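Novice: This is what each chain is made of:
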Amino acid sequence: MIGKLFTIALSAILVENFIFSQFLGICPFMGVSKKPNTALGMGFAVTFVMTLASAATWAVNQYLLVPLKLEYMQTVAFILVIAALVQLVEMFLQKSVPALYQALGIYLPLITTNCAVLGVALLNIQKGYSFLESVVYGFTGGLGFLLAIVLFSFVRERIDHCDCPKAFRGFPIALIAAGLVALAFMGFSGMSIG
Amino acid sequence: MTFRSQLKDGLLRKNPVLVQLLGMCSTMAITTTLFNGIGMGLSVTVILILSNVFISALRKVIPNKIRIAAYIVIIAGFVTIVDLLLQAFIPALSENLGVFIPLIVVNCIILGRAEAFASKHNVWQSALDGLCQGIGYTLALVIMCLIRELIGNGTIAGGFSFINGGNGIRIVPEAYRILIFALPVGGFLTLGFVIAGSQWLSRKLDEKAARKEAEQQ
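These protein sequence lines map, in sequence, to chains A and B.
Per the numbering used here, the very first residue in the first sequence carries number 1460; after that it's consecutive.
Per the numbering used here, the very first residue in the second sequence carries number 4; after that it's consecutive.
It is worth saying that the hints were derived from the structure and are not from the lab.
A hint or two may mislead.
Pairs of lysine-lysine residues, derived as DSSO-like cross-links and limited to a Cα-Cα distance of at most 27 angstroms, are as follows [unchecked claim]: (1) B:Lys-215 - A:Lys-1625; (2) B:Lys-17 - A:Lys-1493; (3) A:Lys-1625 - B:Lys-68; (4) B:Lys-68 - A:Lys-1554.
Per the computed footprint, the stretches of chain B lying under chain A, defined by three or more beta-carbons under 8 angstroms from a beta-carbon of chain A, are [as the list claims (entries may be wrong)]: (5) 93-99; (6) 104-110; (7) 176-189; (8) 199-209.
All figures in this text were calculated on a predicted structure; none of them were measured in a lab.
Glycine included, every Cβ here is placed at the ideal spot set by N, Cα and C.
Let the sequences and hints guide you as you build the complete structure.
Specialist: See below:
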C-alpha cells in the first residue's frame, strides 16, 4: 500500500513530470515563470487546487456518474466541479486566510482553465486509482508542477539578459531553454521503480 | 471585414499558436505523426466553429457575470460530442490523442475566441472566424508534425493506415533518426524554432510592405 503510493508520488514528481513529460499545464508554466516569487505562488496554488480537485472529481465520478451511468458526461461534470471548486477556494481563502489569499489570489481564477487540473482528474479515472491514490497523485503531480516552474523561473531570469538572435528574443528562446530543462528531467526516465 | 483578411489573420498575422501563443499543451504533446496533427487540428476546428456559432447566437442572452462559466459548459458539450464520435468512428485517432481530446475544453484558443470574437460579432462572422483560426491552428500543428516526424522518426505522413500500412513514407534511414525529436524535449525545441521562424518571416513581410509603401509615395 505504502509502496504503491510511494511509486505514484515519485513518478508524478520526477519521472512523469506533468510539464516536462506529459505536457499538461504549459500555458501557466510559460506565462507565470518570469520571476521566482510569482512562480512559487502559482506552483502552490496549482498544488492546492489539484489535490482538492482530485478528491472532488473522484467522489463525483464514483458516487454520482457511475451509479447513474453518466460516465460519458465526465468532461462536462469535471470542468464544472473544478470551476466551482476554484470559486469556493477563492471565497474561503478571502474570508478566513487573507494572508494566503493575498499571495495566491491573482492566480486562482487562472487555474480553472489549467489543463493540468482537468488532466489529473481524467487521468485518475483512466488509471483506475482509488480515492487515496487519486489524492496522492493530485498532490504530488502539483509538487512536480511546483518544482518545474520554480526551477525554470531561475533559468528564465538569466535568459532576459542573454544576447540571442532577434527572431529568438522573448518566447522562442524561453521554449528552447524549457526544452533543455526537459532534457535534464529525461534522466529520471531511466529510473525503474517498483 | 472580409473573408480574405480573416483568413490571413488566422493563418499568419494572428495565428493562434505561432503569434498568440495559445493552446501550446496540445501543440507540443500530440505532434508526433501527421495523422495525429491533422486529426487534432480538424477536431479543434470543428469544435471552434460550433462553439463560436453557438456563443455568438446566445451572446445577448448570456448574462455578463456568468459568461465564462456558460462558455465553458457550451464548449464542454461540443468536446464531448466530438470525443464520442471519434471513439466510435476513428478509434485509432482517439487512442493516440488520449486525454488531449477531452482537454480541448481547456484549450485557451477556444475560450479565447469565444471571449475576444464570438461574444462581439454576428453568427456568420463568428463561424468564419472559427474556421480561419482552426485552419491556422491546424497549419501550425502540421508544420510541427512534419519537422518532428522527419527528424525524430525519418518518415513523412505516418499514422494514415492507407499510406504504407500506417508507417509513413521513409525519407531518412532508420539508423539515422534522432529519436529525441519524437520525445517531449523535441516538442519544446521544435516549437521554439518554429515560432522564431514565424517571427522572422513576419518581420521580413512587414519590411517588404513598408518598402513598397515608401516606393509608391
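Novice: Each hint needs a verdict: does it hold in this structure or not?
Specialist: Going through the hints against the structure:
no.: 1; hint: B:Lys-215 - A:Lys-1625; verdict: holds (23 angstroms)
no.: 2; hint: B:Lys-17 - A:Lys-1493; verdict: holds (24 angstroms)
no.: 3; hint: A:Lys-1625 - B:Lys-68; verdict: violated (42 angstroms)
no.: 4; hint: B:Lys-68 - A:Lys-1554; verdict: holds (21 angstroms)
no.: 5; hint: 93-99; verdict: violated (count 0)
no.: 6; hint: 104-110; verdict: holds (count 5)
no.: 7; hint: 176-189; verdict: holds (count 5)
no.: 8; hint: 199-209; verdict: holds (count 5)
The structure is inconsistent with the numbered hints 3, 5, although it conforms to all the rest.
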